[in-house]
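Chains as they are written, first to last, in UniProt numbering: chain R, 1 to 250; chain X, 1 to 625.
It is worth saying that the hints were derived from the structure and are not from the lab.
As the structure is a prediction and not an experimental result, all values here were calculated from the model.
Glycine is no exception: its CB is placed at the ideal position from the N, C-alpha and C atoms.
Derived EDC-like pairs: lysine to aspartate or glutamate, alpha-carbon spacing no greater than 16 Å straight-line:
id	chain 1	residue 1	chain 2	residue 2
1	R	LYS187	X	GLU91
2	X	LYS38	R	ASP68
3	X	LYS50	R	GLU180
4	R	LYS195	X	ASP40
5	X	LYS50	R	GLU14
6	X	LYS87	R	GLU180
7	R	LYS195	X	ASP34
Pulled a few chain X residues facing chain R out of the computed Cβ check, cut under 8 Å:
id	residue
8	ASP40
9	SER43
10	VAL44
11	PRO47
12	LYS50
13	MET51
14	LEU55
15	GLU91
16	MET105
17	LEU107
18	TYR578
19	ASP579
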Amino acid sequence: MKVLVCVKQTFDTEAKIELKDGKINDAGINLIINPYDEVAVEGAIQLKEKGIATEVVIVSAGADKAMDAIRTALAMGADRGILVKQDSAADEYARAVALADAIKKENPDLILAGHVAADDGSSQVPTRIAEILGLPHVNVITSIEIAGGKATCTSEADGGTAVTEVSIPAVISSQVSWNEPRYPSMKGIMQAKKKPVATVDAIAVENKVKVLEFALPAGKTAGIKIEEDPDVAAAQMADWMKNTVKVEVK
Amino acid sequence: MSANFAYLNARDLKFILKEWLPTEEIFAYPQYADYYSKEDLDSVLDPCLKMAKELIEPSNEDGDSHPCQFANGKVITPPTFGPLFHKLQEEGWGTSNIDDSEDAMVLPKVLLSAVWEMFLAANPTFLPYIILTCGAAELIRDFATEEVKEMFLPKMMDGSWSGTMCLTEPSAGSDVGDILSKAYPTDNPRIFRIKGSKMFITGGDNDFTENIVHLYLARIEGAKPGTKGISLFVVPKYWVNEDGSLSDNDVQTTGIEHKLGMYGSVTASLSFGENNGCRGWLLGANSMENDGVGEGMAQMFQMMNGARMETGHSALACIANAYYNARDYCKDRIQGRLITDPKSGRVTIINHEDIKRTLLMGKAHIEAMRAMMYRTYFAFDIKHNDLDPEKRQKASNLIEVTTPLCKAYPSDEAWWLIGEAIQAYGGYGYCEEYPVAQIARDVKIYSIWEGTNFIQSMDLVGRKWMMGKGAVFAEFLQEMRDFCEAHKATVEAAAGGEAGLPDLSLGKEFAILERALESYSQLQMAIGGYMGQKKVGMLPLYARRILTATSQLYAGRCILDQAVLASRKAQELGPDHYDYNFYIGKIMSAKYYLRNVVPNVWAVADIIKDGDCSALDIPIGAFDY
Numbered sequence: 001m002k003v004l005v006c007v008k009q010t011f012d013t014e015a016k017i018e019l020k021d022g023k024i025n026d027a028g029i030n031l032i033i034n035p036y037d038e039v040a041v042e043g044a045i046q047l048k049e050k051g052i053a054t055e056v057v058i059v060s061a062g063a064d065k066a067m068d069a070i071r072t073a074l075a076m077g078a079d080r081g082i083l084v085k086q087d088s089a090a091d092e093y094a095r096a097v098a099l100a101d102a103i104k105k106e107n108p109d110l111i112l113a114g115h116v117a118a119d120d121g122s123s124q125v126p127t128r129i130a131e132i133l134g135l136p137h138v139n140v141i142t143s144i145e146i147a148g149g150k151a152t153c154t155s156e157a158d159g160g161t162a163v164t165e166v167s168i169p170a171v172i173s174s175q176v177s178w179n180e181p182r183y184p185s186m187k188g189i190m191q192a193k194k195k196p197v198a199t200v201d202a203i204a205v206e207n208k209v210k211v212l213e214f215a216l217p218a219g220k221t222a223g224i225k226i227e228e229d230p231d232v233a234a235a236q237m238a239d240w241m242k243n244t245v246k247v248e249v250k
Numbered sequence: 001m002s003a004n005f006a007y008l009n010a011r012d013l014k015f016i017l018k019e020w021l022p023t024e025e026i027f028a029y030p031q032y033a034d035y036y037s038k039e040d041l042d043s044v045l046d047p048c049l050k051m052a053k054e055l056i057e058p059s060n061e062d063g064d065s066h067p068c069q070f071a072n073g074k075v076i077t078p079p080t081f082g083p084l085f086h087k088l089q090e091e092g093w094g095t096s097n098i099d100d101s102e103d104a105m106v107l108p109k110v111l112l113s114a115v116w117e118m119f120l121a122a123n124p125t126f127l128p129y130i131i132l133t134c135g136a137a138e139l140i141r142d143f144a145t146e147e148v149k150e151m152f153l154p155k156m157m158d159g160s161w162s163g164t165m166c167l168t169e170p171s172a173g174s175d176v177g178d179i180l181s182k183a184y185p186t187d188n189p190r191i192f193r194i195k196g197s198k199m200f201i202t203g204g205d206n207d208f209t210e211n212i213v214h215l216y217l218a219r220i221e222g223a224k225p226g227t228k229g230i231s232l233f234v235v236p237k238y239w240v241n242e243d244g245s246l247s248d249n250d251v252q253t254t255g256i257e258h259k260l261g262m263y264g265s266v267t268a269s270l271s272f273g274e275n276n277g278c279r280g281w282l283l284g285a286n287s288m289e290n291d292g293v294g295e296g297m298a299q300m301f302q303m304m305n306g307a308r309m310e311t312g313h314s315a316l317a318c319i320a321n322a323y324y325n326a327r328d329y330c331k332d333r334i335q336g337r338l339i340t341d342p343k344s345g346r347v348t349i350i351n352h353e354d355i356k357r358t359l360l361m362g363k364a365h366i367e368a369m370r371a372m373m374y375r376t377y378f379a380f381d382i383k384h385n386d387l388d389p390e391k392r393q394k395a396s397n398l399i400e401v402t403t404p405l406c407k408a409y410p411s412d413e414a415w416w417l418i419g420e421a422i423q424a425y426g427g428y429g430y431c432e433e434y435p436v437a438q439i440a441r442d443v444k445i446y447s448i449w450e451g452t453n454f455i456q457s458m459d460l461v462g463r464k465w466m467m468g469k470g471a472v473f474a475e476f477l478q479e480m481r482d483f484c485e486a487h488k489a490t491v492e493a494a495a496g497g498e499a500g501l502p503d504l505s506l507g508k509e510f511a512i513l514e515r516a517l518e519s520y521s522q523l524q525m526a527i528g529g530y531m532g533q534k535k536v537g538m539l540p541l542y543a544r545r546i547l548t549a550t551s552q553l554y555a556g557r558c559i560l561d562q563a564v565l566a567s568r569k570a571q572e573l574g575p576d577h578y579d580y581n582f583y584i585g586k587i588m589s590a591k592y593y594l595r596n597v598v599p600n601v602w603a604v605a606d607i608i609k610d611g612d613c614s615a616l617d618i619p620i621g622a623f624d625y
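Chain X with its partners taken away, still in its complex shape:
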C-alpha cells in the first residue's frame, strides 16, 4: 500500500497538444476561442499535474487501505473520496464539461483527456465516479426531454448527484440482449414502472452524493426480444418530485463485490422495484409505438463507447505510472557492474542493458498508445464542433474504427507491461510497500469491463471492417499508406549517426510500416477466404490477435509520425539544447516500437494464413488432462 504518482512532468502531453496535433483548429471553435490558445495549455496542465500529486494521489492510498464496505444496506466509501469528488466536480474538472450551452466554460475533449490521464494515474479507482457521471449526463443531455434535462443535469454537473450505467444482470453480461429487466407503462407516457436486478455496477452506490442517477436498460413489456427490444431509462435512486425534493424510488443495494483490486471503486448489485415502487423516465421513442423496437442499445452505445475510451485511457495511465515509478527506482538502485566494464564500480541498474531495454519497451508502448488515443480524442472534438460535414464524417469514421483499439490494446498490454515494471524492481516490486504491486491489482479489470476485449475484437472484425461496405476501414488503411508515401522522401534525407550523435533517420522504420500494411492486407484476405469457405469459427478464433495487430499497425503509424516531427526538432535544436533529450527519447521510442513491436503484424498475418485450427479441433474432453 504505497501509492505514488510518478509523472515528473507533462512534457509528452504538451508535445501532443502543442506540437503534434493541430489543436489550433479546436481552439478556434466558437465554444473555446474566447478562452484558449495553444500557448495557454501549460496554465491548465501544470496545476493539474500538481493537483494529481498533492490532492489526488493521497486518496489512492486511502482507497487501497480503506476498501469500500457494505453494512446494513449502505455502502461506505474511503473517507477521502467524497470530499475529492465534490471538489473536482465543483471546480470544473468533471461533469460540468458536458455542458454544451453557448456560454459554457468547458475544456475540449482532447485537453480534458490530458487532465484526466494525470488524475487517473494518481488514483484509477476514484475517477470512475466522475467519468460515469459524465457519461450518464451526456445521455440525458442528448436524448432526454427538456423537463428531464432540467431535473437532472444541473445537479449532476455541480457534483450534487452522481451517475452510473446499468447493463449487466445476474443472467446477462456480455449477452446484454438477454436482460430480464422490465418496464411497465404508467399514466404518464414518459414514466415507466421499473423492475429488475443489476450487478457489477461501478459506482452503483456511494455515501457522498445526495442522489445517484442510473441509466438503465430494460425491455418495455411486449417489446421484441434481444437487443432490438431494449429501451433506456433514467432511474434515480431517489425520485425527484416536482418541487425538487427527493423521495424513495425503491432502489436497493443488495451487496458489493470483493475484487482483486480497485478497492476504492464500488461494484454494486442493485435491486430495482422489489416493492413495485420504482419508476424511471424513458429516453427516446417508446418501443411499443415502433413495432416493439427500442432505441436503448443505440443510445447506450454512446455512453459505452465513451466509457471504452476511458477504460483504455485508464489502462494507459496505469502503465505509465508503473513505468515512471520503475524508471525512478532503476535510477536509484545500485546493483552489479557493467558487462562491458566488469572491473569498474557498482552502478545504478538503469545502466544495465536489460533494464534499459525494459524501460524503453515501457516508454515506447506508452507513447505509441498515447499517440493513438489522443488522435482519437482530437477526432471527438472535430466531430462535435466542426461545421464541415465531410470533416465531421471523417472524424466520426476514425472514432468508430479506433474505439475498440483504444479500449482493448492498452488494457491487454497493461497486465504484462506492468509485470515488466515489477520485474525491473526485482523482489521489491512484488512487495506491497512499492506502488507497482497495487497498480497490477488495479489494472486487470480494464480488459474485462465495458465489453471484454474479445467483444472489442469482434466489434473490429465484425462491424468496423464491414462498416460502409468496407469503405470506412479501407479509408483508415489508405490514410496510413498515404502517410508512408508523403514522408518517405523526407526521412531518407534526415541526418543522423555521424559524429557520435544518435541516428535520427527513419527510413528503416517506414519500410517496416509499409511491410506491416502489406501483411495486414494479406491477413484480411486470408480471413475473407475462410469466410468464403464458411469457416465462421476462424473469425472469433483469431479476432483478439487481429485486434492486437491492428493496434500495433496504427500505433506504429502514430508514433512514427511523432518521430518525424521530433527528428526535425532535434536537428534544429542540437545536442546542447535542454529539450534535445526529449526529442531523442521520442525518436528512440518510435524506433523501438517499429522495430520490435510492429513486426508482430506480419507474424500474426503468417499465423492466420497458416490457419492453425488446433484450438477448434481439440475435443473438450482433452482439457481434462
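Chain R extracted, bound-state conformation:
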C-alpha cells in the first residue's frame, strides 16, 4: 500500500514574527515541517513499520527551500519525496490544486496530512484535495486502522470521539494527539540525502484570496498600579474593570 503524506514548511513555532515592507519577513527565520504534518509523517511511518504500508512518499508544494522539510521527513523514515515548485504566496486553493495534481499522478492508496498549518491556520488544504480528487475525507483523527480496503478512523468530537469508516483511497488529516513524532536518527539523516526527491512544477492557477494587508496583533498594554489602602484600592480596581476594561459580568 502506497501512503502519500502532504507536508508544508512553516516558520518555527518559536520564531519571532516581524513585518518588513508590509510583508512577513522570513529572513533568518528557522523553517520546520508544520508540526501537524509531522504527526502525519509519523503515522505513515508507523503504518510501514506495521507492514501495512509498503512505501511512504512525501509531497510538498513550495519554494526550493521546502526541500529541507522533505529531507527531514525522509530522515524520519519516509522513502522518497516530490517537491512541487510553487510561489510561496500561493493560497490554499492554489496549493490544493498543485498537490492534488501531484497526488493523482502517484495514485496512492492513502493520503495523510496535518489538519491545519501552524502558520496560516486555515485548515483548508486536505479538505480541498479530497474535494478535487473526489475522495472521502476524515478530519482530526487520533488513530487509524487499515483492513479490507477500508480505513477506520477515530476522531475527536464534541464531548467524546467519533469512529468513521471510509473506503480507501481517502484523505485523512491528523490531530496532534495521534502520535509523538520521532526524532530523526543519525543514520536516518545520512540516508535521507541519498533518497530520491523528484521536482515538478505546480499547475499555474490564480489565487482565490487576495491579501490586502498583514498586521501584527496589538501589543499588550501596560497594567495599572493602584497604591492605596486595600478598601480604596478595591473600589478603584472594580471601577477600572467596569469602565475602562469593560469586563462584562453575567
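With the hints as your guide, set chain X onto chain R.
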C-alpha cells in the same frame, strides 16, 4: 531543581563548522564524502538542538531530583537515564561513531562534538555514560585482538553494554604509578586473573546496561614499579562466554559517592576479584616479556586525552548554558533606571552597563574557548583521516599542545564565570528554582577529574614545552606570530566607526596579541632561568598560571581569527541584514576578550619575572594562623 537548556539556536556552532573552519577538507575524506557537505550540517545540528531541548533536558531535572542510589549492592540510576542511553546509542549519536570500518556511517569528530556540546549543556550528568563507553570502545578497537574486538565492540556500539576507565584506587589518585591492582597469569596468555579495588569510577555501575566493560589498569605480578610496569586490561562486570552468554566475573560495587553535584552520574567504588574469580583480557604486549615494562599507561593516555577534551567541553557547555539562561533572565527582568537617563522609566536589567559587561564577558569567554576547542577537534579529524603524513603530524602536534589547555582552561574559568551568571540574576540566582544554581554544583568536578588542572599544567610546562626538544611548542607559537603577520595589513584597512556604526577595525587587538606573544617568550625565558638556577619548585609554583596565560594567548588568537572573518562578513552584509548582529557580536566578543582578558598574559609574565617565592618560603606552621 529547574534544569533549562537555553541554547536558542546553534548559530555559533554553524559559524565554526560552516564558515570558519575549512571543514570541506574533512567532508572530502572517503569515510564521509558520500554523506556530507557543509550545506548538510543544518540537517544534523537543528534536530539535535531540538532533541537536546525536548528529550535530554527533562532528564537533567530527573537526575537532580532522583540522585543515584546504592542499595543491597545495586546501583539505582535516575529513571529517565536508561531509556535515554539506549535511545541515543541505538540512533547513532554515541558509541557507534567509533566504528572505523569502511562502510560505517559515522560523524566526524568536529561535528559529533557540536552535537555533544548541545547534549552536554542539556544534561551534563548523563553524557559521561556515553562518552566513557566511547573511550573504552576506542581502546578496544585500537589495541585488542580481533577475538576481543568481536566479543565487545558490537555490544558497546549498539548500547547494550557500557564502558568505564578504571585508574584511581583508594591509595593512588593523581599518583597512578602507585596503584596496587595486580594481574596474575592464567593458562591463556591473553587472560589474567585480576585483583584490586578502584574508586571514583564514573559510570562504574548502572542498572540499565546488560554488562559494563571496565578498562582497568593493573600491574602484572613481577612487573616494574611505577607507571612503567602498568598494563591495561578489559575487565567486564560479567564474563563473556564463548557462546556469548554472560556469567559472574567477581566484580562488586562497594559503594557510591555523595557529591556536591552531578547527582545523576554514578561515582562508584568497585572491588575486583574479592573471591579470586575475576578475569580480564590483556591489551597489547605482556610486560613480563618486555623487561617488566607494560604498555598500559601509554594506551590509557589515549582514553584519558579524549576524556580530557570532553571534560573541558563539558565545562564549556555548562558555562554557555548558564550564560544563555542569565541572558534570557536579564532581557526579562525589569529593575532600576538608566544611569544616563535617570528620569526615564524602569528598564530591563540588560540595559545596565554592569550587566552588559557581565554578559559580554560570558559571551567572549565562551566563544574564545569554543574556538580553541573546535580547532583541536578539527585537528583530530585531520590526524585520523588525512593521507599526508606531514599534515597528520602537524595536527597531532596541535592536539598534544592544546589538550591540557582545552581540559583545564574552561574547567578553571567555569566556577567563577557561572558565579557571574548567578550574580546577574541577583538573589534569584542563588535559589534552586533557577537553573544556574544546579549548573554551579555540577560544574566544579571538571577542574578535578581526568587529571587535576595542576596535572594539566605540569603536562604543559613539563612535557609539551619540551616535546621534540621544544620544536613542537616553538611551532605552536610561530603559527600565532605568522597569523599576526598575515592579517595585520588587512585589519588596519578595515572600515568602521563611522556614521554611528560599530568599530569593526581590529588593529589594536592584533597589537595586543603581538605584545602577549612577546610577553610569553619572556615568561618562558624567566622559567628557563629558574631551571638553570636549579630552582625546580618555581615550575609547579607557577604552572597553573602559565596554563591560564597560554590558554588566553591561544584562545585570543582563535577568536581574533573569527573576528577577522566576521568583520569582513558584517561589511559585506550591512546593518539591514538579519545576520548582521551575529557578526557584530562576534567582533565585540573578540574585542572584549583581547582587550580585557589577553592582557593577563603579560601580567603573569611580569609576576613570573618578579619571581615571588612567598608561597614556597612560608613555614607550614604559619598556616596555623
